[in-house]
Each structure stands twice: as C-alpha cells, then as structure tokens.
Amino acid sequence: MIAQELEVSLHMAFVEARQQRHEFITVEHLLLALLDNPSAAEVLRACSANIEDLRSSLANFIKDNTPQVAGTDEVDTQPTLGFQRVIQRAIMHVQSTGNGKKEVTGANVLVAIFGEKDSHAVYYLHQQGVTRLDVVNFIAHGIKKGEPPEPAKAENPSEAEEGGAGGERSEKASPLEQYTQNLNVAAREGKIDPLIGRNYEVERTIQILCRRRKNNPLLVGEAGVGKTAIAEGLAWRITQNDVPEILAEASVYSLDMGALLAGTKYRGDFEQRLKGVLKSLKDKPNAILFIDEIHTLIGAGAASGGTLDASNLLKPALSSGQLKCIGATTFTEYRGIFEKDAALSRRFQKVDVVEPTVAETVDILKGLKSRFEEHHSVKYATAALQAAAELSAKYINDRHLPDKAIDVIDEAGAAQRILVASKRKKTIGKAEIEEIVAKIARIPPANVSNDDRSKLQTIERDLKSVVFGQDKALEVLASAVKMARSGLGKGDKPIGSFLFSGPTGVGKTEAAKQLAYILGIELIRFDMSEYMERHAVSRLIGAPPGYVGFDQGGLLTEAITKKPHAVLLLDEIEKAHPDIFNVLLQVMDHGTLTDNNGRKADFRNVIIIMTTNAGAETMNKATIGFTNPRQAGDEMADIKRLFTPEFRNRLDAIVNFKPLDEQIILRVVDKFLLQLETQLAEKKVEVTFTDALRKHLAKKGFDPLMGARPMQRLIQDTIRRALADELLFGRLTEGGRLTVDIEVKTDEKGVETPDVLLDIQPLPKKDRSAKSEPAEPEEATAD
Numbered sequence: 001m002i003a004q005e006l007e008v009s010l011h012m013a014f015v016e017a018r019q020q021r022h023e024f025i026t027v028e029h030l031l032l033a034l035l036d037n038p039s040a041a042e043v044l045r046a047c048s049a050n051i052e053d054l055r056s057s058l059a060n061f062i063k064d065n066t067p068q069v070a071g072t073d074e075v076d077t078q079p080t081l082g083f084q085r086v087i088q089r090a091i092m093h094v095q096s097t098g099n100g101k102k103e104v105t106g107a108n109v110l111v112a113i114f115g116e117k118d119s120h121a122v123y124y125l126h127q128q129g130v131t132r133l134d135v136v137n138f139i140a141h142g143i144k145k146g147e148p149p150e151p152a153k154a155e156n157p158s159e160a161e162e163g164g165a166g167g168e169r170s171e172k173a174s175p176l177e178q179y180t181q182n183l184n185v186a187a188r189e190g191k192i193d194p195l196i197g198r199n200y201e202v203e204r205t206i207q208i209l210c211r212r213r214k215n216n217p218l219l220v221g222e223a224g225v226g227k228t229a230i231a232e233g234l235a236w237r238i239t240q241n242d243v244p245e246i247l248a249e250a251s252v253y254s255l256d257m258g259a260l261l262a263g264t265k266y267r268g269d270f271e272q273r274l275k276g277v278l279k280s281l282k283d284k285p286n287a288i289l290f291i292d293e294i295h296t297l298i299g300a301g302a303a304s305g306g307t308l309d310a311s312n313l314l315k316p317a318l319s320s321g322q323l324k325c326i327g328a329t330t331f332t333e334y335r336g337i338f339e340k341d342a343a344l345s346r347r348f349q350k351v352d353v354v355e356p357t358v359a360e361t362v363d364i365l366k367g368l369k370s371r372f373e374e375h376h377s378v379k380y381a382t383a384a385l386q387a388a389a390e391l392s393a394k395y396i397n398d399r400h401l402p403d404k405a406i407d408v409i410d411e412a413g414a415a416q417r418i419l420v421a422s423k424r425k426k427t428i429g430k431a432e433i434e435e436i437v438a439k440i441a442r443i444p445p446a447n448v449s450n451d452d453r454s455k456l457q458t459i460e461r462d463l464k465s466v467v468f469g470q471d472k473a474l475e476v477l478a479s480a481v482k483m484a485r486s487g488l489g490k491g492d493k494p495i496g497s498f499l500f501s502g503p504t505g506v507g508k509t510e511a512a513k514q515l516a517y518i519l520g521i522e523l524i525r526f527d528m529s530e531y532m533e534r535h536a537v538s539r540l541i542g543a544p545p546g547y548v549g550f551d552q553g554g555l556l557t558e559a560i561t562k563k564p565h566a567v568l569l570l571d572e573i574e575k576a577h578p579d580i581f582n583v584l585l586q587v588m589d590h591g592t593l594t595d596n597n598g599r600k601a602d603f604r605n606v607i608i609i610m611t612t613n614a615g616a617e618t619m620n621k622a623t624i625g626f627t628n629p630r631q632a633g634d635e636m637a638d639i640k641r642l643f644t645p646e647f648r649n650r651l652d653a654i655v656n657f658k659p660l661d662e663q664i665i666l667r668v669v670d671k672f673l674l675q676l677e678t679q680l681a682e683k684k685v686e687v688t689f690t691d692a693l694r695k696h697l698a699k700k701g702f703d704p705l706m707g708a709r710p711m712q713r714l715i716q717d718t719i720r721r722a723l724a725d726e727l728l729f730g731r732l733t734e735g736g737r738l739t740v741d742i743e744v745k746t747d748e749k750g751v752e753t754p755d756v757l758l759d760i761q762p763l764p765k766k767d768r769s770a771k772s773e774p775a776e777p778e779e780a781t782a783d
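All residue numbers for the sequence shown refer to UniProt numbering, where the first residue is 1 and numbers rise by one.
Do not take every clue at face value.
Unchecked claim - Simulated DEER-style distance windows between Cβ atoms:
id : residue 1 : residue 2 : range
1  : K423      : R45       : 47 to 57 angstroms
2  : I418      : F331      : 29 to 39 angstroms
3  : I418      : D53       : 44 to 54 angstroms
4  : M92       : R267      : 32 to 42 angstroms
5  : R371      : G129      : 25 to 35 angstroms
6  : G336      : G268      : 24 to 34 angstroms
7  : Q716      : S486      : 25 to 35 angstroms
8  : Q716      : V583      : 58 to 68 angstroms
9  : R55       : I91       : 21 to 31 angstroms
Stated by the list, open to error - Straight-line distance between alpha carbons at most 25 angstroms, and here's what the computed DSS-like set of lysine-lysine pairs gives:
id : residue 1 : residue 2
10 : K695      : K464
11 : K658      : K699
12 : K439      : K562
13 : K394      : K439
Please keep in mind that the hints were generated in silico from the structure rather than gathered at the bench.
Bear in mind that the values here come from a model prediction, so they are computed numbers and not experimental data.
We put the beta carbon where it would ideally sit given N, CA and C, even for glycine.
Turn these sequences into a full structure, and let the hints steer you where they fit.
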C-alpha cells in the first residue's frame, strides 16, 4: 500500500529522530524527510519552493523545539498524533480516489500535511509560497505554479518561465521568440552554411513571395537535395542585401513544430500558440514563415474526431496574402498527404527542387569545404571533392546529391580527426574518400579505386585455373567484364548481362561462383525453377497493394538493395515463367528495378549471369551418316526459340559452354581429389592417391551427356564411403598417413567390380597432437 520510496523516507525520519535522541517524531520530521523523497521534491520544485531554505528552517526548528531524552540508553521515539493523522489521511485519500492506484507516495503525504494547519510544517510551506491548491493542481493536472490559463498574472517573470509545463515563458517573450528561429540572425552569426548554386530555385521563390496573393512557395524535392538550404540561403541573401528591394527588410522565421506541440495537454493550447505566432507574423509585414516538413501540419493539434488542425488555421492567412509562407516537403509526402488537401495545396505555388548534377555538386563542395576544413583541422584536395561527388553518385544509391557527397567529405574529416596525431593526415585525398565511400556503400575498397587492375588483368587466367575445358567461353566472359570495368560500358546499365548456355555439369554455375570470388564481391543466387508460375513474379519484386506482405518488398529487390555490388546468378533461367523475362528487360537496359512500394533497386554495380540448358537435348541427339559431330553454339536455334529478340538483344554476350572431353576430365578428377585432400587434412590425415585410381575415376566418371557431376557421385560412392568408417571408428580416428588405390576384379561373366584399397599408417606420436599443417603447401603446389 505504501510505496517503497515513502517507506525509505519514513524510515529515515525515524532514524534521524533517534540519532538526535528526540522523544517524539513530529510532522516537521516527516516534512524534512520528504525533501529527499523524489515525488515530493518534484512537487515542491514545481510549486517554486526553495528546498534548501525549507530544509534549513525545518532543521533549526526541530533542533530548538523538540524535547530530547537524556542518558545513553536507546531511545524509543514515538510518533505524535499529528504524524499519525497525516499518514492515515494520505492512505484514506488514495483509497477513496477509486482510480486503481494502490500505493501511497510522498506527494500524497505532502498533500495530507496541509491538514495540520497549526503545525510549523505548514507554516514553513506557506513561507515558501506553497499552498495546498498548488500541490493538488500539479499532482492531478500537471499544472505548475504560475502556469496559464492566466499567464498575465504571473508576477515573477522567471517563475512563470520555469513553471510553464509546455514551454510557456514570460509574457515579455513573443511567440516568435518561443516557437520560431530567426534565420536572418543565424545567418549573421555564421550558423548557416552559404547556399551554392540553386539560382533558379531561389529566383523562383523570390518571385512567388512578391506576389499580391497566394505568395507562398512550396519547395518539393527528394530528401537531401537542399530544400531547407534554399530557405536558409534566402535568409543569407537578405542579410547580404542580395535580394530585390521589396524583400530588403524581410526576416525569415523557421517554425519549430516540436516546441509548438510540446506540453499542449488541453484542447485549445495548441491553437492558442499557433494563433499567437500568426498574429505576431501579421504584425510584422516583412516577416516570412518557413515551415520545414510542412506535411506535418495536416492533422497537427487535432483532437480525436475533430477536423480543426494547424493547416485549417493557416488557410485564411495564406489565401489573403497577409502571411508569406515557404513550405518544404518531399515528393512522396506531397502526393500522399499534402496534395489530398486541395484547399491547402492550391494556396501554395509548387517549386520543384531537383537533384544537382555531379558538376554542380563539386561546386557546392568547393563552396562548403572551408567550413569542414575549419571544423576537422584538415585540408581537402580538389581531387578529393571530385571523387566525393562522383563516387557517392555511383555507389551510394539510397540518398541524394549533394547531401550524400557532403556526408562523405564530413565523414572523411571525422575519420582523420579520431586518429592519433602521428597517423593523422593533414590533407585528405582521393584515397581517403574512396575508403569512406566503400564503408558507406558496403563494397570492397579495391573495387572503388583504380588499383583493381591487377585482378582484372589476371581474371582470365584465374577463371581457367578453376573451370576446365571452357577456355573460349571464359575468354568471352573475361573480356566483357574488362570492357565494362574500363569505363567503355554504359553507366546506366549493369556491369554485364550474360547468358551461359550448354549441357549440364560443364561449369556454368561454377564459373559464376568463381567470378564472384575472384572479383571479391557477393554472389546472389536464385534458382529459377522456383519461379515457374505467373504469380511468382511478385516474389521477386513484391506483392501488389492489397495482398499479404505487400509492404515487405521483393526477394530480388531487397537482396540487391542490401548488397548493391554483387554477381547475380539466375540459375536455369529457362525454367522461369516468361513474365520474369519481361521484368529483367528493364534491369538489363536501365540498371534499375522498381518494387511494388515504389523503391528502386540499383543494378548498375551488378554482374547478371543467367544459366540455361536450352539446346542441350538437341546437342545430345546422334547425327546421321558421316556429318561432323555437333559443336558448342549449335544450340542457338533453341535459345532463339525460347528467348525473345528483345531479351537476347539486351544481353552483353551469350557464352556457350561445350561438353567436356576425356582429356579435361583428368583435370576435373584432380580438382575433386584435391578438395577431398583438404578435408582430410583437417582430420590430421595425409593422403596420397595413386595414378591407377585417377585413371579409373576418369574412365568410369566420364559422361559426355552429364558433365562433371557423375564424377562427384563416383568419388562419393567409392572413396568417401570407404573412408567414413575408418574416420569414425577405425584406424584414422587420431589421424594418420593414407594411400588410396583401387583394384578392379573381373568375374567369369566379365563384370568388373572395383575394390578400394586403403593403406593406413599411423602418425608418429609427436605429430598426433599437432595439426596437419603441411597439407596446405602441398595443395598450393598442386595448383
């Protein structure tokens, strides 16, 4: 029933009385203890009481007027009748309220103390100007002493300012000072960055402001393009006398919606504040009101079920021309919220603020760099500013220029500032900008700089070392990637769009995986056999509005948004529904894909690889007579029949993979055995494979129709299965040296039965506890 904080206060009151050897604990003891109670102290401060003065008065009174018990024995301090009545009164009051509140707090006891009118505790409270009404008003309604509804009666200006729960201040402070910021004053004090460029938008804004009626420009543009900067730039130009004579004496006030709404508990508080601001603006004929995020006005301050909000209060002043107002909002909010209120939108004249070009962004950065140089104590090279604009435009796709370019140079300065002085660079160059862009865009730094020439120079050799027998196809792929990376490709398209065709198991998917690994970027794989139905398109780009999950985005768009620099592998594309081919058309042509929520996924830094088995069946058909066997590329007729001309026309290359021959299959055997050798090395097993085993695997695992996949199954059935029991329960549980051979037995019917021979030798004792490290250099040598 009694709150824990009140129990602590009561305990402290008793402890203090016993330590002072007081015979009785009085109401004054109780009030003195409540000064350290959080809820009671909050109430006293809200009632403008000086707690330290009150503490001093109570302590002196208790010391001089409370009888003490002589002697050294422990004192049995007894509460007075007044003390008991206060506690009982507080408990009864809480119980009688019936609001479900169960605990008695220090604030409730403070109210109950006022029932002891003849006590010195009440006398000292009155001395501090605290009455029972003040305490009850704050506890019940949160109204501090001296707060409106009658602000004019506040005798002490500082008291009125401190007491206003909703930020109400002295009557001497005008509403403009309380709820707006004077941008002219901020510009004179150097708190506003200068506006670079945007001459058309500023001139258009000034032209609208000079109209007789509806002189209210509305700046509409994407987030980060500089809408607020235009309003601030107008204020800066006014201070520099760089405006027409009609605006020479104008002042721009930015409305603080947070301060305007804060603490408005009752109906009419918000309207009263807003009307006060509007009246002050009308009294100043040269005042201009700037409202950032103006769409928040619609519905602001409206009571539940009511229609009167801030926008409706503004409409009469906006249409009559008595108030000049500049608004700023985004295209999305303008269409979704602002434009729906036709009566409000017609009072504004729309000014589109488009994203600046890279060249314009460089000029903006040059104009702002002195501010950042002063703040971070560094210098920015011209090449760094150029790189910040170019790389942010290319790699940072979720924001807009110039905001993202400014963020880049700001973060580059901050990155140097947090370093120790010995490592800090005095001049920020292109390399530092590239590093920051790589962190923001979540891409490897090497892909931003020009130092990835070494990777591109050896990409063809690296691909051929892991994908065998497809030299011509890999040459086409490598040359296409090099051309795109050299800058000769179009900037509004993906890095490359390739269609890998050929029979199964010849390395199409493996080539895509190795390309991602060599370039050091992510691999995003979609199995297109999951998208055979027409409605499966919605899984890639998101469900339309009205369907479950429409606000979650699509699998493809979300994956590219999270990993904007990747290899996108669409495996077995021919199994997908033809509608998906139509979706991919805009991706291959313009490098973007819009989901059903209107968000654009940027594919400009993506390598798109599609694999297909189309034509493989035709390739496998036997030829008649003495005609030449079919070659890679003969499947083009089937590819043309399956894919439309506009789809094929957008591909950078159709890369044909030919069937594997017997010579290539030996290299495939070595690759698979090397993978097994690496796995066994982790189990402390040193393995050697005989030539007879290799030849047997090449002979039995070669299938020109199925490629290299039968080889994996053969190794699994013969070698891995034989080794499993030895590794788990046999002689290789603690490692060892292993030689794997094979013996083929032929029965009387001519049926061959392979028998795997395992020659196992245990490791020396000194090597059993050590990890088998030598296997890694052997693996490198095998390459």
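Consistency of beta-carbon spacing, G268 to G336, with hint 24 to 34 angstroms: Holds: the Cβ-Cβ distance is about 29 angstroms, inside 24 to 34 angstroms.
If I claimed the Cβ atoms of I418 and F331 lie 29 to 39 angstroms apart, would that claim hold in this structure? Roughly 37 angstroms apart at Cβ, these two residues keep to the hinted range, so it holds.
With the threshold set at 25 angstroms, check whether the alpha-carbon distance from K439 to K562 stays at or below it. holds (13 angstroms)
Range hint 32 to 42 angstroms: satisfied by the CB atoms of M92 and R267? holds (33 angstroms)
Taking the CB of Q716 and the CB of V583, does the distance hold inside 58 to 68 angstroms? Distance hint for Q716, V583 is violated at roughly 38 angstroms.
Distance restraint evaluation - I418, D53, Cβ atoms, bounds 44 to 54 angstroms: Holds, since I418 and D53 (Cβ atoms, about 47 angstroms apart) stay within the stated range.
Given a hinted range of 21 to 31 angstroms, is it respected by the beta-carbon distance of R55 and I91? holds (26 angstroms)
Agreement of K695 and K464 with the hint, judged by alpha carbon distance not exceeding 25 angstroms: Distance of about 22 angstroms is within 25 angstroms: holds.
A range of 25 to 35 angstroms was offered for this pair. Does it hold for the Cβ distance of Q716 and S486? At roughly 43 angstroms between Cβ atoms, S486 and Q716 fall outside 25 to 35 angstroms, so the hint is violated.
Take a quick look at whether K394 and K439 sit within 25 angstroms of each other, Cα to Cα. Measuring from Cα to Cα gives roughly 14 angstroms; hence the hint holds.
Does K699 lie within 25 angstroms of K658 when you go C-alpha to C-alpha? holds (19 angstroms)
Is 25 to 35 angstroms a correct range for the gap between the Cβ atoms of R371 and G129? Cβ of R371 to Cβ of G129: about 49 angstroms, so the range 25 to 35 angstroms is violated.
Violation of the numbered hints given earlier is confined to hints 5, 7, 8; the remaining hints are satisfied by the structure.
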